[in-house]
Structures are given as structure tokens and as C-alpha cells.
Amino acid sequence: MAGIYGIGVQALNSAQLSLLTAEHNIANVNTPGFHRQEVLQVTNFALPSGSGYVGQGSQIESIRRLYNSHLDDQVLGASSQSQFYDTYYSAIKQIDNILADPNAGLSPSIQGFFKAVNTVANDPASIPARQVLLSGAEALVSRFQSISARLESIRNGIDTQLESVITNINSYSTQIADLNKQIVTAQSIVGQPPNDLLDQRDQLISKLNEQIRVTTVTQNDGSYNVFIGNGQPAVVGETSFTLALQDDPADPAQKNIVFAQGGGYTTIPQNLLENGGVLGGLLSFRRTSLGEAENALGRVALALAQTFNNQNKLGQDLNGVLGQDLFSIGSTSPTIYANSGNSSSGAALLTATLSSNAAGALTTSDYTLAYNSASSNYTLTQLSDGTATTIASSALPATTSYGFTIALSSGTPTNGDKWLLLPTRFGARDISVATTDPNRIAAAAPIRTAEGATNTGSANINLGSVNTASQPPLNSNLQNSVTITFTSASTFNVTDTTLGSTLATGVSYTSGGSISYNGWTVAISGVPASSDTYTIATNTGGVGDNRNALALAALQTSNKLANNSSGTPTTSYQGAYAQLLSSVGNKTRENQINSAAQQSLLSSSKNSQQQLSGVNLDEEAANLLRFQQAYQAAAKMIQVGSTLFDAILNIK
Amino acid sequence: MRISSSSVYEAGVTSLNDQLAKLVKTQQQIATGRRILSPEDDPAGAALALEEEKALGVVNQYVDNIARARSKLSLEETVLTSSTSVLQNARQLVVNAGNPTLSSANRAALATALRSHYDELLSQANSKDGQGGYLFAGYKSSTQPFTQTTGAGTYAGDQGQLKLQISASRQLAISDSGQDVFNPGVSGSDIFATLETFITALNSGAAITAADLNTALTQIDTAANNVLRIRTTVGTRLNELDATEGSNLDAAFQYESSLSNIRDLDFARAITDLTRQQTTLEAAQKTFVTVQGLSLFNYL
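Order-wise, the sequence lines are chains A and B. Residue 6 is where the first sequence starts when you use this note's numbering, and the numbers rise one by one after that. Residue 80 is where the second sequence starts when you use this note's numbering, and the numbers rise one by one after that.
Because the hints were derived from the structure by calculation, they are not lab data. Worth double-checking, as some hints may not be accurate.
[Claimed, not checked] So these bits of chain B aren't anywhere near chain A, every CB distance computed over 10 Å:
#1 Ser86
#2 Leu127
#3 Ala184
#4 Tyr213
#5 Ser254
#6 Ser283
#7 Ala290
#8 Thr294
#9 Thr312
#10 Gly314
#11 Asp329
#12 Thr351
#13 Glu361
#14 Gly372
[Said to hold, decoys possible] In silico lysine-lysine, DSS-like type, Cα no more than 25 Å apart, as pairs:
#15 Lys98(A) <-> Lys104(B)
#16 Lys318(A) <-> Lys104(B)
#17 Lys98(A) <-> Lys242(B)
[Claimed, not checked] For the chain A half of the interface with chain B, some residues (derived, Cβ under 8 Å), not all of them:
#18 Asn33
#19 Val34
#20 Asn35
#21 Asp128
#22 Pro443
#23 Arg445
#24 Arg453
#25 Thr454
#26 Glu456
#27 Leu468
#28 Leu555
#29 Thr562
#30 Gly580
#31 Tyr582
#32 Ala583
#33 Gly619
Model, not experiment: these values are computed from the prediction. By construction, the Cβ of each residue, glycine as well, lies at the ideal position given by its N, Cα and C atoms.
Same shape as in the complex, but just chain A (with noise of 0.2 Å):
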């Protein structure tokens, strides 16, 4: 008789738990996290009698989540790799639009520009249109400032973001920590799995896991155990580490993520960082995309700058006087850093200096400069693809092959001393227009040609031109009057009569031949006869000349960028920029498809993860009708029990 009521209760109440788990599933249907929990029945121990063993009903063993970490671990693993494309993908994407946008764009600026320098060869004494040229280089100078300032803000919009990344994994951290010491104390209380805080922590690791990837081991007390880059803990047991951000002690334009260890900081590569998550996708695009960009932009603005006023330096301007520089670089390019970690007692100083014609030279790449005692020797490693050239330190101040000099300004450097040298990420940002003077324009060459009047011959000498190859800095003569004097129809004589010297004698005579003496060429062609007098002389008074402006505008289609393995540049300002355009356009458009096929593994791994553990309010409302009918059932059986109990009752 007892057997039966208790048979009965103990369904009574295995019916209801299974009730209340049904609902508490269908409450959190909409759980971030939550997994789908059941209840484990089994039946109780049967009695040996006689006649055999006799069952004595069900009792509930546990209520557990239906959770599998290979499952659970394969979401966290795709979403991690998810938001790092994501926020890579997001962050790119804004230097896509900007180069986009074609008003905001940096060619129809250069195009601009180059109008203008035709409209000077096509009028070179009119002052209007030295304005015109003047106004398109200032509009020129402000798109690279203005695109510059918008990449800038991007990095220092990253430095915000980190900023609020690094508060979330800290409070991430904390709360896992907190909640591996209620869920070892709950476990410890009934001995039942306390899933609703497993649950729980699984959606911190699942968060923190969004903002940088971790790895997680469990331990024996049922605490997690949370790791970071290559094994820095984040969580361990019931205490939290801390990340913080730091000046980067190579490069004090950008903040580092440090670690929090007794008392200091410790430095974690941030190569190591960047596996994953928000945080990986930030330090990775600042490392690649984002120092690209700007070097790219940077390196067309200084090519542009320098191959501009190396030949308005080759002309003359409308005072009469030889061009100057028309673009002003700053003093930023190359800015050379030295690691905040050097020693202070050697206290050396290195500068680097732009080479007089970079153009060519110039990569978009950074680099560092590192040096060694033993040898005495600095190497400086090009960051892009890591080549390494070997200085010897008696060396300096030594040329680069990369367009700029290094020299050692002051001090003494010590075994470990490190440098970062940036050669153009400033260049965009710190170009401007030398002059405000129209007159200054170098429209004019600085030397013109002349036949003497008495000339009995037929030849023809040509207008002249001087020569780009080694100059500026210009031939000091370049300006002197030079007579050739033909001594007869094959040779010829060449004297400086400015300073009364004889540059050459019984030169023989070729029809069309170049003649270059004092930093200028000519040709003279035809049929000259004996005492026909050929002269090159300053241009005094040549304000129609256009000779230069002509050369400036041919600037334009001229490839003055990239040099390849010869040293011939292979590009133009504007291919340059195309370049910037289609590399920044395909990573944009690689990391979309990247953040797609994530998202479609993210998605796919969910499924699979949710066919498990996730709730489906159909099967719970069977489970409902199902579970109240064996309640029903119970309490009909309590029922006939007590039926039974009233008729021995009645014996009377």
C-alpha cells in the first residue's frame, strides 16, 4: 500500500519537474546562450520477493543542459573569425569610400593641377594663368591634406575602439572569473550541474571571444581557465588579468595592447593578437591597410612635390631669375623614431634625409633600423617583406638605396638601440605650396640659342635643352655664353667667352649630334661652312619662353614612381594612385567575401550547435501535453491508492 502511494508522489513529482523544465525551456526561447535542458529519469531500485523483482516506479536523477563543447567550440571558433573580417572589412571599407568618392578623390585634383600647367606653356608670360597653376597646386596640396586627415582620424578612431575593446574583455574576464566561483560553489552544494550558470558563463566566454580570440580549459572543479594570444591568461580560476593600452614604445603615434602582471605591464607581440576577434581585426588593419594607405598617398604627394621642383629648379621664372622649389615637402619626410627602450646614456640620435631625386626610390613600406655592438653595424629591414640591408656604422652617413640618408646626429648607440623609420607616411599630411608669387613659376629654360647673322652655312642649331640627368643641383656655367666656332664644314671649337675659357677644340662634327657642354644640349644639323658661329647664352628677357612649362606638363604622363629592379621608376603619380585604389579595392572586397563565407560557417556551425541545444516550441508543447498527461496519470494512481487504502479500511 505504501508502495504505491510513494510509486505515485515520486511520478507526481517527476511529472512536475519535467513541466517546469519544458517551461523554463519555452521562457528562454529567446535566451541569448541558453541551452535546451531535460530531465533525466530513471527507475528506482526494483525489491526482490519471491515472486521477482517488483519495479517501485521513477525517480528523476538530474536536470542537464544538452550542451557538446566540440559543437559550442566550432560556433566560438566562427565567430571570432567572424568579427575580425567584419571589423577588418568595416574599417577598410572606409578608406574604400573615401577613394570612392570621386569628388573626394586625388585624381581629378592631379588632373586639375596639370591643366593649369598647360594653360601656363600655352601663355607662359601670362600672369592669370600662373594664377590659375598656383590655385591648382593649393587645391592639389589640400586633397592630399584632406584625404591624409581622414586616414588619420581613422587611426585615431582605432585607438578609441581598442579603447572600448579592451574595457569589454576586462569586464568579460571579471565576470567569468565571478562566475567560476558561484558555479564550483553551486556544484559543491547538491552535486547537480548549476546549468543556468554554465549557460551563463559560456555566453561571457562566447562574448569575450567576440572581441579577441581565446581558448578555454576546463578545470576539475568545473572553473574554466581562459587564455589570450599565445597563452597569457585572461582568467584563471576565480581571478581576472587585466589588458591595458600603452604607447607603443617603437612607434609613440600608436597605443599597444599591454598585460597587467604583478604590479607592471608586459608587452604581448601584437602579431599574436591578431588571430581573431574585434581586437585582431583592428591590429591587423593598422599594421597593413591602414600604414599602406597612408604610405602610398604620402609617397605620390613627395614624388609629386620633388619631381615638380627638381624641374621648375632646371627653368626661369618670369623675374629672370633660375625656379626654386614650388612645393614645400616639411621636415616630416622621413621622420625617423627612436624605441622609447633605447639606452639613455649612449643617448644617439639618427636623422634621415630625403635623397635629392626619391621619387623613384621611395617604397610604401616602413622601416626599423636596429644596432649591434659586436659588429658595429646598423641593419635596416624593410617591413613589407622583411629584406635586410647590413650599415656599417663608419658607413654613416650612408645612402639608401630606398631614397633617403641616414647619418648619426649626435651621441653614441648602444648594442639593442632600435628606430623606426617612417619615410612617407607624413608626406600627404605636411606638403604645401612654397610660394604665393606667380612670377615664380619656371615657365622659361634658363639658356637660349643663336645663329650668328653672318653665318654663310646652312645648319640650324635647335632651341636647346638642359640637361635632367644630374641636375638639380645646376652646372655652375650653366647660364654662360658658349660660342661654337666651325673651324670648318666637320669641326668646330667651343669656347665660354664669359670666362674666357676653351671648353673644346677640333670637336668633329656630326649633322644632328648632340652637343652638351655646361649642363645643356644642342643639336645643330645641316651643312655648316668654316667661321659659322653658333651661340648659347642666358635667356635674358625670354618671358615668352615655355620651354620648362612644357617640361613640367609633360610631367604628368612621365613614370616617375616604383622603380623596378634596373632602377627605371615604372609608373605616375596618377598610376601610383590607381595602385593605392585597386589594392585597397581588393582587400576591401576580400575581406567582404572573407566576413561572407565566415558568417555563412558562422551560420552553418549555429544550425548545428542549435539542433542540439536550442529550443523548439513545437516538441516543448508536445513535451507539455505529454508531461501533464503522466501528471494526470500520477495523480490517478495516488488516487487508486487510496481507493485500495478506503476498501481494507472497510473490513471491518
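Here the structure of chain A is known, so what remains is to put chain B in place on it, guided by the hints.
Frame of chain A, contents of chain B only:
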């Protein structure tokens, strides 16, 4: 297979988002008329479009330069044509002056007429262009090249020749120096010296000798032939401008059409895409509502 209720919901929402994103993209393409909205859409195409735009800009610049060259050369041609006729008239006067029946008063009158031709020629040699620069001063465009002097003509200009870039590989001269046109200071072909000498002879009161007459006529012919020669080269250059302009315009058209191929939208296709995407989105919306409405609880 179990499917969780939230999976059903999420799958529906994700698909709605995807369809909407595609629709919006197509809509933006149609609104701007551009296939490439940002370099991401076609990195190689976007870079190529920049290069084509640059090439187009450069060719258009050549076309502008040609217009400028044409106006300069036409002006020069006009001046040279006038000079030729002045020289012809001067020659006629010189021929007349050889008539032995002329009185010294007649010769003085001829001298006055010849002087006015001289002045006319001098003013032509000092012609200015629309911007106020001297046409025949070489590079010294702000220096008056010719002044009336007795004896040999003096030339204050230089032998510079202004050139313009009219195609990628061609710089065309758009001016000729006064030295080349009028040969100042060159004995035997300095037209100003010739006329000056002859005017002096006419004013001297003495009759013109046959030798003087021949020298003057020969020298005027030499000068006239030289002006004609320069005029011919100007004409040749004007023809070259026309030919080059034609090829530049052809190139510009090529660049424009290739730019359009790279960058511009195929509207017919885009509209079709839009319609299809709209249908898909509407279907997704409808099925989403239907699927979300299915629940066992409806029957409990």
C-alpha cells in the same frame, strides 16, 4: 532533424537582410548610373577607370592645346599674308622708280609712298597676339622686336620658337622668330635695310641707277620668298593641327567608350535584376510571415 525556433527566425531574418542589401545595391547603381560604386566592387576596373580618365584628360588637353596653337598660327598666317602683299606693292613702287623720266619730285613722292609701306611692314613685324605679346620676338615676347633705324634693321628679339604639345609625341612650333621671318641684320636679305637704303636713294635727288634698282629688286624678292616660305610652313603646321586634332578626338572617343564600358551600368540588365530581386524579397517576406505563424500552440 531538430530545428530550434530561433534558427528558423534567424534564417528568415538573415535572408530578408541579404535580399534587401542586394536590392539596395542595385537601386544605388541605377540611381548613379555606375556599375562600380566603390573600388571594392571591381578593384581592377576602378584602377583601370582612373588610368583611362587620366588618358582622356591628357588627350582633351592636347585638343585644347591645338585650339590655342591654331589661333596663334592663324594670326601669324594673316600677318604674313599682309606682309606679302605689302612687299608686292613695295616692289611695284621700286619698279616704277626705275623709270628714267621721273623728276626728283616724282621720286620724292615715291619715297613717301615707299616709307608708308616700310611703316606698314614694321608694324606687321611688331604684331601682337591677343594676350599682348609680340608675335615675332621669339621668347622675348614682351620686348618690341623691331624699331626703325637708319641702315641695317636691328632686332631686339631672339631666335626662340614657342612650341605646344599637341599629341603625346609631338611638340609643334606655333611661332616663328622675327629673325627667321625678316632676316634683320643679315646682309642681302634684311628687308628693312633694303627699303631704307632705297628710300634714301629716292630722296637724294639723283636718278636711280640700274644697279641700285637691281639690288633692291633682288633683295625684295629674297625677302618676299622668305616670308612666303615661312607662310608655307605655317600652312603645313595648320594642316598638321587638323590631322592631329582628328586623331586626338578619335582617341578621346575611344577612351570615353572604354571608360563607359568599365564604369557605367548596363541599365537593361540592372532593371531586370531589380525586378527579380524585388520578387525574391517579396517572396521571402511572405514565407517568413507564414513560417513564423506556424505553431503547435495555435491548437492547444
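Results for each hint:
1. Ser86: violated, 5 Å
2. Leu127: violated, 8 Å
3. Ala184: Its Cβ never comes within 10 Å of chain A, the nearest being 38 Å, so this holds.
4. Tyr213: Check fails; 8 Å does not lie beyond 10 Å.
5. Ser254: Ser254(B) is in fact no farther than 10 Å from some Cβ atom of chain A, at 8 Å.
6. Ser283: holds, 27 Å
7. Ala290: holds, 23 Å
8. Thr294: holds, 19 Å
9. Thr312: holds, 13 Å
10. Gly314: Answer for Gly314(B): holds, closest chain A Cβ roughly 20 Å.
11. Asp329: holds, 18 Å
12. Thr351: holds, 24 Å
13. Glu361: holds, 23 Å
14. Gly372: holds, 12 Å
15. Lys98(A) <-> Lys104(B): This hinted pair holds, its Cα atoms lying about 15 Å apart.
16. Lys318(A) <-> Lys104(B): At roughly 50 Å apart (the allowed maximum being 25 Å), Lys104(B) and Lys318(A) break the hint.
17. Lys98(A) <-> Lys242(B): Outside the cut-off at roughly 46 Å; violated.
18. Asn33: Violated: closest Cβ of chain B sits about 10 Å from Asn33(A), beyond 8 Å.
19. Val34: holds, 6 Å
20. Asn35: Where the cut-off is 8 Å and the nearest Cβ of chain B is about 7 Å from Asn35(A), the hint holds.
21. Asp128: holds, 6 Å
22. Pro443: Violated. Min distance 15 Å.
23. Arg445: Since the shortest Cβ distance to chain B is 17 Å, the answer is violated.
24. Arg453: holds, 5 Å
25. Thr454: With Cβ-Cβ at 7 Å, under 8 Å, it holds.
26. Glu456: Status holds, d = 7 Å.
27. Leu468: holds, 6 Å
28. Leu555: holds, 6 Å
29. Thr562: Constraint on Thr562(A) satisfied, holds at 6 Å.
30. Gly580: Check passed: Cβ of Gly580(A) comes within 7 Å of chain B, closer than 8 Å.
31. Tyr582: holds, 7 Å
32. Ala583: This hint holds: Ala583(A) lies near chain B, its Cβ roughly 4 Å from the closest one there, short of 8 Å.
33. Gly619: Cβ of Gly619(A) sits 2 Å from chain B, so the hint holds.
Checked against the numbered hints given earlier, this structure breaks hints 1, 2, 4, 5, 16, 17, 18, 22 and 23; the rest are met.
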